[in-house]
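S.K.: We have chain F; now place chain P with the ligands onto it with these hints.
Just so you know, the protein sequences line up as chains F and P, in that order.
Take the first sequence: its position 118, counted from the start at 1, is 118 in the numbering used here, and no numbers get skipped.
Take the second sequence: its position 350, counted from the start at 1, is 629 in the numbering used here, and no numbers get skipped.
Derived by calculation from the structure, the hints in this document are not laboratory data.
None of these values were measured; they are calculated from a predicted model.
Treat the hints with care, as some may be off.
Listed below are the simulated DSSO-like cross-link pairs for lysine-lysine, each with C-alpha atoms no more than 27 angstroms apart in a straight line [as the list claims (entries may be wrong)]:
1. Lys665/P x Lys527/P
2. Lys38/F x Lys567/P
3. Lys536/P x Lys38/F
4. Lys410/P x Lys1069/P
5. Lys305/P x Lys38/F
6. Lys339/P x Lys87/F
7. Lys269/F x Lys870/P
8. Lys855/P x Lys875/P
9. Lys604/P x Lys737/P
10. Lys703/P x Lys38/F
11. Lys87/F x Lys1069/P
12. Lys402/P x Lys87/F
13. Lys87/F x Lys400/P
14. Lys1069/P x Lys870/P
15. Lys875/P x Lys87/F
16. Lys134/F x Lys150/F
17. Lys873/P x Lys269/F
18. Lys815/P x Lys1188/P
19. Lys305/P x Lys21/F
20. Lys815/P x Lys604/P
21. Lys1188/P x Lys269/F
22. Lys87/F x Lys269/F
23. Lys1131/P x Lys1069/P
24. Lys1069/P x Lys875/P
25. Lys269/F x Lys1069/P
26. Lys87/F x Lys410/P
27. Lys410/P x Lys339/P
28. Lys873/P x Lys229/F
29. Lys875/P x Lys269/F
If you want the footprint, here are the derived chain F segments under chain P, 3+ residues with CB under 8 angstroms [what the hints assert, rightly or not]:
30. 32-39
31. 93-99
32. 171-181
33. 185-192
Cβ coordinates follow ideal geometry from the N, Cα and C atoms, glycine included.
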Amino acid sequence: MPTYLRPTRQSEALAALAQGKFTVLAGGTDYYPARVGKPLSDDILDISAIEALRGVREEADHWRIGATTTWSDLIAAALPPLFDGLKLAAREIGGVQIQNAGSIAGNLCNASPAADGVPPLLTLDARVEIADAKGSSTVALADFILGNRKTLLRQDQLLTAILVPKSAHPERSHFAKLGAREYLVVSIAMVAATLQIEAGQVRAARIAVGSCSPVARRLPLAEAALAGKPCTGSLGEFLREDHFAALSPIDDVRASAEYRLDAALTLAKRVLNQLGAQT
Amino acid sequence: MSQGREDRMQLRVNGRSYDYAGSPAKRLSDVLRDDLGLTGTKVGCNAGDCGACTVLLDGKQVCSCLTAVAQASGREVTTVEGLAVNNTLSGLQRAFHRHGAAQCGICTPGMLVAAADLLSKNKQPSADQVKDALGGVLCRCTGYQKIIEAILDAAQAELPPSPAVGSAIGARAPKVDGLPKLTGEERYGADSIPAHALWLRVLRSPYHHASFEVGDLAAFAAAHPGIARVLSARDVPSNGFGIYPHIKDQPVLAAGKVNFRGEAVLALVGTRAAVEAVSDAEVPIAFKELPAVMGIAAAAAPGAALVQADKPGNVLLDGWVRKGKAAAAFAACAAVAEAEFETGFVEHAYIEPEAGWAERIGDRLEIHVTTQTPYMDRDEMAVVMKLKREQIRIVPTACGGGFGGKLDLSVQPLIGVAAWLLGKPVACIYTRPESMASSTKRHPSRISIKSGCDASGKLIAIETAADFDTGAYASWGPTVATRVPIHASGPYFVPHVTARGRAFFTHCHPSGAFRGFGVPQGAIAHEAMMDELADKIGMDRLAFRSVNALKAGDATATGQVLTHSAGLPQCLDALKPHWDAALAACAAYNKTAKTKRRGTGIGCMWYGIGNTALSNPSTMRIGLSAKGELTLYNGAVDIGQGSNTILTQIAADALGLPMDQFRIVMGDTDLTADAGKTSASRQTFVSGKAVEIAGRDLRAKLLGLLEAGADAALTLEGSLIKARDAQGEHQYDLAWLPSRHGHDALLGEGSFDPPTSPQDADGQGVPYATYAFAAQMAVVEVDCELGTVKVLEIVAAHDVGKAINPIQVEGQIHGGTIQGLGLALMEEYLPGRTENLHDYLIPTIGDMPNMKCILIEDAEPLGPSGAKGVGEPGLIPTAPAILGAIQHATGVRMRQVPVLPHRLRAAIKQAQE
Ligand SMILES: Cc1cc2nc3c(=O)[nH]c(=O)nc-3n(C[C@H](O)[C@H](O)[C@H](O)COP(=O)(O)OP(=O)(O)OC[C@H]3O[C@@H](n4cnc5c(N)ncnc54)[C@H](O)[C@@H]3O)c2cc1C
Ligand code: FES
Ligand code: FES
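So here's chain F without its partners, still in its complex pose (with noise of 0.2 angstroms):
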């Protein structure tokens, strides 16, 4: 039968890690069900018992949200608007027993195209903390995911934490998803998006739009566009079709990718025309 380690302290997973081959396990929403009708056959490394993983804490410059936050935690802290967003697409991460268990680390270590966790937590430039035995370092999170489930991460690696930089400025954030019913649905297209204001004029935008590309993408062009401009409810008009030429979507059972686009476009006008409409 394979091992199974489930330290309490981050020091034991990581020295096991720096030893062996493991499986890190988390909340487990997405290792079991990659495994159906397949033998359990992996060495697993579970860090759902190390308590300084979890929960989110209020740091000098940053907000750390430790590996094992779970989604309902993370809807549950008391947090600034800026989190709003992340919040909204913790809301609609499967149903409640998904948000209960799953972690917003392992959502970016699964690095599934259509993870909602990562285009809210981009126009949050959040970075991630990874830590070995020999110490930590931090990324960001736009270097951390490389394509379609791989990230930086090594074997002798945990991702310990996701930090947001705090802003000298005040921020509001907003996020929608398209599926194709409601709950428990992954997603065709979703885009989140963080505006600072300043005198009823965009200081700064940041979007970024997820399931259209092998990983969620900012977008630049987009963001210089919208920049300057006059916070209302119809921000979203200044948006342009080329401005979403980064992306690159695929056709698959749920969605055409020319539809992707399109939905993208719409998704994005509206969350700017909502955030714009804030007073």
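M.R.: Same frame as chain F, now just chain P with the ligands:
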């Protein structure tokens, strides 16, 4: 740090401590069920998609199939078995019982646990909060409405009293077998497998079409300790099964060639651990992929390769109905409409995968299995095993949903052959992907239709041809190809009809029976015609249907003159006020709406109850023992639709004793009589009539014994049977009677076979003794920019003859309706691409519209108290109504279902250009 391979740990479940020794990575669901014997928690997918396995961990709902047991240790686990306190049902459980919120009951443990989580935090939730809390639990039976009603009523729910003697029929009686579904005690296919049973795992084809060679299986088995045997085609006594007595074309295990992806090739039998540890790649088998015939167009193309060598043109069956001269009649029409429609494979997606176990007892074979049709299983197993029928015993377990998908053999022949050869009990539970890949589907269709009416809106002619993809083997293909032409002109009087139905073989899983047997596909076509003709002559769409609705005295397309119980006109009248209100509301909404538009649509249907132009009898027995035990021997399987309850209601009133004095023996082929299969909406009508006759028979025998008058009131107290009539009280002690019928001293028996006649070459005849009718309307909201559709409201008016139990009738309408919604908007099975419940989408609680049922009771003289059937009718008019509503909202007529967002968006864009 806890560490280990074979770990020992303590688990706290429902307030009790358990010791567990085993893998810490084992799914909590498997530990609960297999190690702790708590089988109330169900497994429908092992992937988080269905929520049947939902339990509480420290009071919060999680999927136990996604939880490593190690993560549950040191925490409090609550399962459905823990909801009742000191054997007293919780208010929530009582509310489920009273509202009929459990049909088959397989989702119920998950629903109850998720709801308990919500109610522990919020005593008075809103409907939206209930939806948010239950969004992760799928139900395929109820349409969710009664579940929500029950949860909102949890605070004050009491158990209702059993209906009084003589007033069972028509009562909103809760299910007679309802309580075990709420406590977790009910035993489904996977729940009562003996601990010492061997396990069977099937190896299946990864290709649509391939030849294969098998290596040395004996050597493979010898090299794998714990594998007792690997079965191949050679081990099956008669390697062919199929629904029709003369078409046994599907092998139990493929012999050298596979004809669909998911076809069974080999069966590994051994200890559970051993068969589960083998990976497919280790098994000595070499496939050579061959070109596959996929889709109707490929199968029907001239010179197409043949799927079955002896079926020219890949045609399984070509069925016709011809009345009058349709082709010529179009010339005289004031308006003619014409179009083609396309539908895809639809998966039954019952939450309970196929499961069961078999055991050889001497020269007999006993099979315990989840099934809709024990007697057909028995007869088919006798053929496969080359045994006499009497040597086979089928004991149906509770069935966690069927919808037609459990009418074909699944695990039965595999475990049957294995148990017979090995002399030990053998069990098999399909995984969800295996269930989806190998089980039957709704037939994909391509339907062309042309119809015409005169200036007053009267239909004159309909010409239609429906082609179906029947997959690699016949299954129920012939039924679909004959049923569809009969129903193809819709529930309308049409003087000239030409209708054709053809089924083609392809290299896909067999298409089989699915709620409506092809009629839902046909209804999409004929209802679109009604809308278009109405628009062309400038008539209201409902009024157009009223003008043409079949009524008593009219002849159908097969020339059958309906003499009674044709209640479509009443259904349409009942719908009218709702229709008018919805049209006005949509118009008002659309005045100001920009991106979202609302529309209202209507669909009508008729549906012949029971087998098509074939004998289709049922026999029911009611026994009374010398001790005064009253037993309903019921060969009809209750798959959640409520036949146990409805038959008890009918039996109780026919006999004159209260419902709660009956116990039920269901489906066991050794103990009951053949009641036919649970399909074609037939059990209330056919078995209901049989049980009415059985009840009257037993009553006559009792009255004879008591020398009491025909209208005497009976009571049964222990072994004393008493009658009160004008002469006073009579009594008789049953203890005096010898047990002449096994357990029983007295037996009432009844049989009923609805009168039909064979169809001639033009399809003319009396294919069904009676028909159900319905009209439904849908209100939708279309997001025109995204192409998404939200169904806001459904009003369903159904002529059911007599609602023996309105709760069950509504439940069938709700459940059928939401399956129709799935057909219209999201369900599309693509072989090899959607073999799970996240790529194949069925409606969740959030997709449920507000549903209202209107029951019309135009009595059918042949049926019990006038009743007909309602199992399938709710599904049939739903997609047509939704499609009509989408058109009303957007101006776009969708001719392909499902109307996925990208399809609708493309059509809207095209229309705008
Ligand atoms: C029914 C269902 C519905 C779902 N719906 C959605 C949805 O709507 N949107 C969505 O985005 N996702 C959805 N998911 C996917 C899943 O729930 C999320 O991705 C979840 O956040 C994963 O977290 P986890 O803790 O369960 O991960 P796990 O399954 O425990 O792990 C996921 C992967 O990440 C690795 N990993 C986890 N944590 C770490 C770490 N700290 N360091 C290194 N590696 C790590 C694991 O080794 C594994 O490969 C759904 C899943 C299910 C079953
Ligand atoms: S069995 Fe766990 S969600 Fe389906
Ligand atoms: S009652 Fe919900 S799945 Fe059957």
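S.K.: Could you run down the list of hints and mark each one as holding or not?
M.R.: Verification of the hints:
no.: 1; hint: Lys665/P x Lys527/P; in the structure: holds, 13 angstroms
no.: 2; hint: Lys38/F x Lys567/P; in the structure: holds, 24 angstroms
no.: 3; hint: Lys536/P x Lys38/F; in the structure: holds, 25 angstroms
no.: 4; hint: Lys410/P x Lys1069/P; in the structure: holds, 15 angstroms
no.: 5; hint: Lys305/P x Lys38/F; in the structure: holds, 12 angstroms
no.: 6; hint: Lys339/P x Lys87/F; in the structure: holds, 19 angstroms
no.: 7; hint: Lys269/F x Lys870/P; in the structure: holds, 23 angstroms
no.: 8; hint: Lys855/P x Lys875/P; in the structure: holds, 25 angstroms
no.: 9; hint: Lys604/P x Lys737/P; in the structure: holds, 16 angstroms
no.: 10; hint: Lys703/P x Lys38/F; in the structure: holds, 25 angstroms
no.: 11; hint: Lys87/F x Lys1069/P; in the structure: holds, 24 angstroms
no.: 12; hint: Lys402/P x Lys87/F; in the structure: holds, 25 angstroms
no.: 13; hint: Lys87/F x Lys400/P; in the structure: holds, 20 angstroms
no.: 14; hint: Lys1069/P x Lys870/P; in the structure: holds, 19 angstroms
no.: 15; hint: Lys875/P x Lys87/F; in the structure: holds, 26 angstroms
no.: 16; hint: Lys134/F x Lys150/F; in the structure: holds, 23 angstroms
no.: 17; hint: Lys873/P x Lys269/F; in the structure: holds, 15 angstroms
no.: 18; hint: Lys815/P x Lys1188/P; in the structure: holds, 24 angstroms
no.: 19; hint: Lys305/P x Lys21/F; in the structure: holds, 20 angstroms
no.: 20; hint: Lys815/P x Lys604/P; in the structure: holds, 23 angstroms
no.: 21; hint: Lys1188/P x Lys269/F; in the structure: holds, 18 angstroms
no.: 22; hint: Lys87/F x Lys269/F; in the structure: holds, 20 angstroms
no.: 23; hint: Lys1131/P x Lys1069/P; in the structure: holds, 17 angstroms
no.: 24; hint: Lys1069/P x Lys875/P; in the structure: holds, 10 angstroms
no.: 25; hint: Lys269/F x Lys1069/P; in the structure: holds, 21 angstroms
no.: 26; hint: Lys87/F x Lys410/P; in the structure: holds, 18 angstroms
no.: 27; hint: Lys410/P x Lys339/P; in the structure: holds, 16 angstroms
no.: 28; hint: Lys873/P x Lys229/F; in the structure: holds, 24 angstroms
no.: 29; hint: Lys875/P x Lys269/F; in the structure: holds, 15 angstroms
no.: 30; hint: 32-39; in the structure: holds (count 6)
no.: 31; hint: 93-99; in the structure: holds (count 5)
no.: 32; hint: 171-181; in the structure: holds (count 3)
no.: 33; hint: 185-192; in the structure: holds (count 3)
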